[in-house]
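What follows is the residue order along each chain.
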Amino acid sequence: MSIISKTQILKANYQRFIDSDIWYSFKKSPITVVSAAVTFLFFFVTIFAPFIAPHDPFDLASIDLMDASLPPAWFLDGETRFLLGTDDQGRDILSTIIYGSRISLFVGFVSVIFSLILGVGLGLISGYVGGRLDAFIMRVADVQLSFPAILIALLIDGLARSLLPRELHDEVALYVLVFAIGISGWVQYARTVRGQTLVEKGKEYVQAARVIGIRQWTILLRHILPNVTGPVLVIATIHLAIAIITEATLSFLGVGVPPTTPSLGTLIRVGNDFLFSGEWWITIFPGIALVLLVLAVNLLGDWLRDALNPKLR
Amino acid sequence: MKLRITAFAAMAAIGLAAAPAKAETFKWAFQGDVQTMDPHGLFETMTLGFQRNIYEGLVIRNEKMEMVGALAESYKNIEPTVWRFNLRKGVKFHDGSDFEADDVAFSVKRLSSEGSDMKVVANLIKATKIIDNHTIDIITAAPNPILPLQLEIFYIMDKQWAEKHKAVEATNVKGGDEGNYANLNANGTGPFKLKSRQSGVKTELEINSNYWGKVKGNIKKAVFTPIAQDATRVAALISGNVDMAYPVPVQDWKRLDDAKGVMPLAGPEARTIFLGFDQLRDELLYSNIKGKNPFKDLRVRQAFIKAIGVEAIKKKVMRGASVPAGLLVAPQINGYSAALNDRPSYDPKAAKKLLADAGYPNGFEVTMDCPNDRYVNDERICQAAASMLAKIGVKVTLLAQTKSKYFGKVLAQNNYDTSFFLLGWTPSTFDSHNPISALMACRGGADKLGAFNLGGYCNPRINELAALIQSETNQTKRQSMIDEAFKIHKDEVGHIPLHQQPLSWGVSEKVKLVQRPDNVLDLRYINKN
Amino acid sequence: MFTFILKRLLQSVVVMLTVALIAFSLFRYVGDPINNMVGQDTSLEERAELRERLGLNDPFFLQFYRFAADASVGEFGFSYQHRRPVKELIAERLPATLELALVSAILALAIGIPMGVYTALRRNGFLSRTFMTISLIGVSLPTFLIGILLILLFGVILRWLPTFGRGDIIEIGWWSTGFLTASGLKSLIMPSITLALFQMTLIMRLVRAEMLEVLRADFVKFARARGLPTRSVHFRHALKNTLVPVITITGLQLGSIIAFAIITESVFQWPGMGLLFIQAIGEVDIPVMAAYLVLIAFFFVVINMVVDILYFVVDPRLRIDKALANGQ
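Protein chains in written order, with our numbering: chain A, 22 to 334; chain B, 399 to 927; chain C, 742 to 1069.
Any given hint could be a false lead.
What the hints assert, rightly or not - Simulated pairs of lysine to aspartate or glutamate, EDC-like, Cα-Cα distance not exceeding 16 Å:
hint	chain 1	residue 1	chain 2	residue 2
1	B	Lys846	C	Glu786
2	B	Lys713	A	Asp88
3	B	Lys875	B	Glu890
4	B	Lys846	C	Glu912
5	B	Lys793	A	Asp80
6	B	Lys789	A	Asp85
7	B	Lys713	A	Glu225
8	B	Lys910	B	Glu461
As the list claims (entries may be wrong) - A few chain B residues that don't get close to chain A, going by computed Cβ distances all over 10 Å:
hint	residue
9	Gly488
10	Asp535
11	Trp651
12	Leu738
13	Pro759
14	Lys793
To be verified - Covered stretches of chain B, going by a simulated chain C footprint (3 or more residues, C-beta under 8 Å):
hint	stretch
15	440 to 447
16	596 to 603
17	635 to 644
18	809 to 816
19	877 to 888
It should be emphasised that the hints constitute simulated quantities derived from the structure, not laboratory data. Virtual Cβ for every residue (Gly too), placed ideally from N, Cα, C.
Based on the sequences and whatever the hints tell you, model everything.
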């Protein structure tokens, strides 16, 4: 009995989704469909990287220096083993892109979730509690907003490295990076959520909830939070792209993941040194991958923003 | 310090349409800046090499790297501990004052002032004695057969000028007014005068028309710009914005060959790149082996040297431009021996067997320290070494950092905090005694040798030899002592020499110049048409 | 009003002290400055002595106190690398960065605003979508790669533009300018485009978002209803109301342009403060790093304060929040 009702609910939900404006506007926009497909592809490929990538570029023993700097397979000197050629160490570019995207996506994703939780949390509290706490949080936000993310990430990275014991550096380098990028991005969420919270707080249903004695936390999480998810989601998609680029830029400035396990950004930075020597494939292919990824996610974010904005329908 | 009001007229040749710069203006770029104009401020090849266009020493190396008299016309070891220098007459400083013996005595004194980084040179000299206006004796504590060689980078400053501008002490990194004038201004006897300087941005030189000697080149003006990014520097050269740029990444040589109007200029540099390992501690700081130090076992060190294919590194990382080495000194260095420069062949199988014999059939883990902005393709060499060692089961975790962090970690002030590292060395004196005492001798002893022996390799015989070599005047005896030291170090695999890195310059085809093995550009020998 | 400003000033001081403290605590871990200040043959004793002389062995808070006390009277010490007073170095480099930032900001505004207006008015047009997509490609590539690719194309292959530096500069008092010479102007083109790209995209999207909001506002509807010509409605009413937040954000972004210049300046060897800073990191030139960060903090604090005061006077609603949320 219960199973049937569950299926029915699912079906009903599915039907509601298919009939919804969101799905309609999604279908109507080919760019969005393509972006979604590309994004999905990236996630799929990176999650199953060990099964898809032809080589494991992070396994040092499998790399042969004598394979270094081979052009893509369709060129005269290319080898079919290495479809997109090899880098200066003999790593397969295609595999490195796959594994590199994995790291980039990991950094992007986790840091976005980190700043999202931090930002939404602080935003809710700031907007709901108000007073001195609000003023304090917003002042901190002001200050941080005025500093570019790169500089903050640079500072945090340095600070984290200084506080952690040296033996741990290599193992935690990636998490430090995630933390640094994450903490540099919370302000956007906090400001948005705070503004939204202020609006919601004044509405009758919240006041009613208060009057009937529902606990503060419940009001915050059950009533106010769902109302702010729309804009937060929009910021998150765009922020994901920004986080990935930030990671790449940090790697250019010498703060990034170790060169033996390169991210997309590190790959581009390394490949940069070979642009003039004619080995363009070392930087161009990862560059294309990065542009595709960031573009797809951004376009998805664009669409989401317009689709969620009731005024634009 | 007041800011000069100058309209810089350099870099006029921009774009094809613009009028070409006057032929005798030479523009060049290096990856870093000359750090100071003070000739006693920093003991560094690049800085001293730049200053030698402005300042001169008693002796100088000519375009064939032969030692000839500069401000000294001749010199002689009149007693075991006394060298007599007959100074050149009629030489004038750029401000017009005469060069005399008291300028030499003053400069010696300035060498040991607080801010001076040339105290190593100052320590060679016990006293000076002015015989007359153009004769001076330099007295050493012990007999020193190679003193003139060691004095090549000791430049003479004008006493009156220094006193007038309150620069009698060397530029002090800590600051204060004392000595600052000489940091941004210069007054030497050399063929070029300092015209303007904006530190970190641009330095302009112009010809000294009153120069005492004959200048073989035809440059009248020279403009130096530091360009840090490799790609930007190469682009500046190819596009004709500079006449010469160095270093050029070795992988870009082909590009320079193909591009019109420019070419790569390569040569062997006197710098040897090598790997080293901690052989002193009883347990490695960064390894999974606890309770013992695998590098104390000769077989492990032999396994490492056999596992690293220098030829593959030469071909793929250095693009054919390095010279594989078996010694820690290059052929240009006094004391080098071709017979000792062979190297165990690349043999991973034998390496694996040696490791197994030593008790590590499955290898072990170790962290490698590596600079990433100091030597030619340093980080890539370390990466290549790591993947080669992976093939014999040694799992290398690579810690590649900027030179500041790297040196801050591995040098003495941080207690040689490394287990396995890459380092490069050019003997500043071009003599083997320097690497023997700095890199190979046991460290921590009363003789204060081995300061850069980061791995703590130790054989007391090398310390004995270092002391003997220092004061031995018979060249044959001296050479056999050097050979003995090299032989011991080699048999015990104290370090793993990799190669001499190439000098990698890019020059415009309009320019003819002399490439010195210490990577110094001498403006005296540049011809541009 | 007066207490408001006083309060903000106080807060600003706290902010700058915090920045200085954080920055300062980092420096001990950037590397060891000594090795960059001496040659390879300098003995260990001399190195230790130099360390002592520089006060690097002193307790952290003593070092910080010294720095803060000096900085409060505008004294930033002595650069290890350049061996000159830091304030002199910064004064020398400031014009280069400000000129670059100014040109970039103008470029970003001059292209960003019209494109934003256009994409808002023709929301579903083909050209609009193309603009939106292309502008995204610009920000999908890391700045350093864009810079290198520009150099490769216009400097090396076509040889139209100089690849590095500021070209000829003319000094007017303590200010040096590249605006007055042909080579100076030519040198500005590539770096300013590289630097402007990101802001351009941001401004375009901001204008578009604001414009879309405003076009649906009641007063615009009334204006339409009154039968005013479309052009007048769009530009006299809608755009005018859009520009207030845009200008504000741009003001704030000017600070970020200056900071982002670090990357552009190092790619183009542009002799500004960013290049000075990045070189200082490489050489562990602590006084320069500290001064740069405090100066940047100062810039931001001032810009923030001015913006806040303007808002206090003109528009008490926190419109800036909304604008930012939409823009990003």
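Hints, verified against the model:
Only pairs whose Cα atoms come within 16 Å are accepted, and B/Lys846 paired with C/Glu786 is accepted, the gap being roughly 10 Å. Taken as a hint, the B/Lys713 and A/Asp88 pair is honoured in the structure, with Cα atoms around 11 Å apart against an allowance of 16 Å. Our distance criterion of 16 Å between C-alpha atoms is broken by B/Lys875 and B/Glu890, whose separation comes to about 23 Å. With a C-alpha separation of about 52 Å, the suggested pair B/Lys846 and C/Glu912 falls outside the 16 Å cut-off, and the hint is violated.
A distance of roughly 10 Å separates the Cα atoms of B/Lys793 and A/Asp80; the hinted pair therefore holds under the 16 Å criterion. Of the supplied pair hints, the one linking B/Lys789 and A/Asp85 holds, its CA atoms being roughly 9 Å apart against a limit of 16 Å. Pair hint B/Lys713 plus A/Glu225 does not hold up; C-alpha atoms about 76 Å apart against a cutoff of 16 Å. Simply put, B/Lys910 and B/Glu461 have alpha-carbon atoms about 13 Å apart, close enough for the 16 Å limit, and the pair holds.
The Cβ of B/Gly488 sits about 49 Å from the closest Cβ of chain A, beyond the 10 Å cut-off, so the non-interface label holds. Distance to chain A confirms B/Asp535 as a non-interface residue, since its nearest Cβ pair spans about 51 Å, more than 10 Å. With a least CB separation of 8 Å from chain A, B/Trp651 falls inside the 10 Å interface cut-off, contrary to its annotation. Look at B/Leu738: its CB is around 27 Å from the nearest CB on chain A, clear of 10 Å, so calling it non-interface holds up.
Non-interface call for B/Pro759 relative to chain A: holds, since the shortest CB-CB distance, roughly 15 Å, exceeds 10 Å. With a minimum CB-CB distance of about 8 Å to chain A, B/Lys793 fails to clear the 10 Å threshold, and the non-interface call is violated. Note: the stretch 440 to 447 of chain B has 3 residues with beta-carbon separation from chain C under 8 Å; the three-residue rule is met and the coverage holds. Given a C-beta distance limit of less than 8 Å, the hint that chain C covers the stretch 596 to 603 of chain B holds, as 5 residues qualify and 3 suffice.
With 4 residues carrying a beta carbon less than 8 Å from a beta carbon of chain C, the stretch 635 to 644 of chain B meets the three-residue requirement, and the given coverage holds. A stretch counts as covered by a chain when three or more of its residues have a beta carbon under 8 Å from one of that chain; for the stretch 809 to 816 of chain B and chain C the count is 4, and the coverage holds. A count of 0 residues in the stretch 877 to 888 of chain B with a Cβ less than 8 Å from any Cβ of chain C is obtained; the coverage claim is therefore unmet, three being the minimum.
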